[in-house]
Amino acid sequence: MTSDSKRPTRPDADAPESIPVALLERYGARLARFDKEAVIFDQGDPATHFHQVASGRVQMVVTSERGRAFTQGYFSAGQGFGEPPLFSGTAYPASALAVEESTVWKCPRAAFFKLLTEHADVHLALTTALARRLVYKAMMLGELAVEEAQHRLVA
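For reference, each letter of the sequence shown is one residue, going 9 to 163 in my numbering.
The set of hints was computed from the structure by calculation and includes no laboratory data.
Mimicking DSSO-like on lysine-lysine, the simulated pairs with C-alpha atoms at most 30 Å apart in a straight line are:
| id | residue 1 | residue 2 |
| --- | --- | --- |
| 1 | K122 | K145 |
| 2 | K114 | K145 |
| 3 | K145 | K44 |
| 4 | K44 | K114 |
All chains, please: the whole structure from these sequences, using the hints.
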């Protein structure tokens, strides 16, 4: 991308509505409270739950073996986070931290998959949100790889 008019928009700019709380509860989700700076899950932990912010703010951060941290994103009320490894059956590639006092809905993996199987509209909305995040990250990676250093700093 060479023009700011073609700059990718953040995928949460038009994020779909959250999964309704009543539906999450029906499939076994429980509300968990986290103090500011608390770890919700660690990088390398197995992905066992779907997470959706009820209140507060969550940061996804990758930490290298040398201790350098990279923030992948922030999530606020109504947004899910950490879904890709839940679907792939792999470990979390990043940690999730409460930026402020937060509450998060946690739905067990098997129950969440049942929810998606029985509610195609929810599945489609989640798939769309994940696709938007993937496209955004691919576009940003492309900019970082091919644009001049000054442009990358602005990105």
